[in-house]
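**Student:** The chain contents come next:
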Amino acid sequence: MYEFKYHRPSTVRQAANLLIKNEDAKLIAGGHTLVPVMKQRLAAPPHIIDLSHIEGVDGIEMKGRSLVIGALAKHANVAASPIVGEAIPALAELAGLIGDPAVRHKGTIGGSLANNDPTADYPAAVMALGATIVTNKRKLKPEEFFQGLFTTALESDEIITKVSFPVPKKAAYIKFRNQASRYALVGVFVARLPSGVRVTVTGAGSDGVFRVEAFEAALQKRFSPKALDGLTVPAEGLNSDLHGSAEYRAHLIGVLAKRAVEAANNRA
Amino acid sequence: MTVLPRNGARTKRVHMAKISMIVNGNPVTGNIDPRTLLVQFLRENLRLTGTHVGCDTSQCGACVVHLDGKAVKSCTTLAVMADGHEVKTIEGLAADGAPLHPMQEAFREHHGLQCGFCTPGMIMTAVDLVHRKGHDLSDHLIREELEGNLCRCTGYQNIVASIAAGAKAMAKSDLA
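Chains A and B supply the protein sequences, listed in that same order. When you line the first sequence up against my numbering, it's residues 1 to 268, in that order. When you line the second sequence up against my numbering, it's residues 1 to 176, in that order.
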């Protein structure tokens, strides 16, 4: 790891000011992505701004009909939260599938979203549920926020503060893990919201998380695994690597989407 | 983002960070390079070498310690981020010369270790598991929860048996 100057703000505003003052500074929350890439010298930020001592940004609460999760909420806390379990059990389950128990004690929802790893789990939920990403400057919809591999709409002095999830009527997430890394080879999140059905895919797209509109239209007519019979996702634009070809991932999307619809129906 | 030349370290002033934390019940302080990992601080500054570095990539769990009572991978945690917090390592489970912690005793009794390299992390993970899920643990749950701990001797059968027995024994012990 290359050396860096360490900063510890106690408010989001201080953190934003430090971002403005220090070029190429990086924010750290749980550190479970940033520390490994710094150790590998794939990243060498001259300044590290530690958000983990900022208070009041890790809450989990219902606000009206939305579930609001603070950016510093740990995966373990989301997974174990009775509020999340009651409102969006699929989201609690998803959080419990990230990494391993020790990783879940450190990793945060804000960190996961800001990193936008194409195999991360949270982006699938945020896009499927049409959640709002709230920053110190504005509110962003998932379609604006996610902008491709490890790329988001976040500006250089912008910090995620919370995520607001509309509560779906039904939802489920099915993750097919890479057997070695345990990251999603493909993960499919299905949500039936008052505004319509949304189906998202993580792990497979070469541009990160995406929606499957053909599946959404079919499920809108009939929310049953059978509605997806005969429908496929084109392999074009999907990742192809030693873990699985694009065709294999395309096939998995169809299989996992059906399983997710079934799981969502069984839960209700 | 600029990558500093390697010889930059010799000419540049390192910004040191003062830290203090409670380790195994004792207050400790340090004046460290901020890039010091928690596991380095524990092993090299405090000489608490029971915590191991296995893969150094947050996968194997040999470095698991408790940070504010929760299992974390100390190879992926900066020591400065633990400033002001409480850390417990394998050395802190039972006092020197006192009887072993029930989870340690269960590993001894059930032959839950072969080479022993992964054992400190296994035990710290197991104790955290009991704190979260109670004393009656199914083999299936134990195996799921050991996702982040690798034993390269592949002695999982006895590790799982040790944790199940240790969890039960912890119910009757004063040691948490």
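Keep in mind that the hints were calculated from the coordinates and are not lab data. Here the structure is a predicted model, which is why all the values come from computation and not from measurement. Each hint should be verified, as a subset may be incorrect.
Stated by the list, open to error - Here's a subset of chain B near chain A, in silico, CB distances under 8 Å, partners left out: (1) 30; (2) 35; (3) 61; (4) 109; (5) 139; (6) 141; (7) 145; (8) 150.
Cβ coordinates follow ideal geometry from the N, Cα and C atoms, glycine included.
**Student:** Work down the list of hints and note, for each, if the structure agrees.
**Tutor:** Now the hints, each set against the structure:
no. : hint : verdict
1   : 30   : 13 Å, violated
2   : 35   : 5 Å, holds
3   : 61   : 7 Å, holds
4   : 109  : 24 Å, violated
5   : 139  : 17 Å, violated
6   : 141  : 11 Å, violated
7   : 145  : 6 Å, holds
8   : 150  : 10 Å, violated
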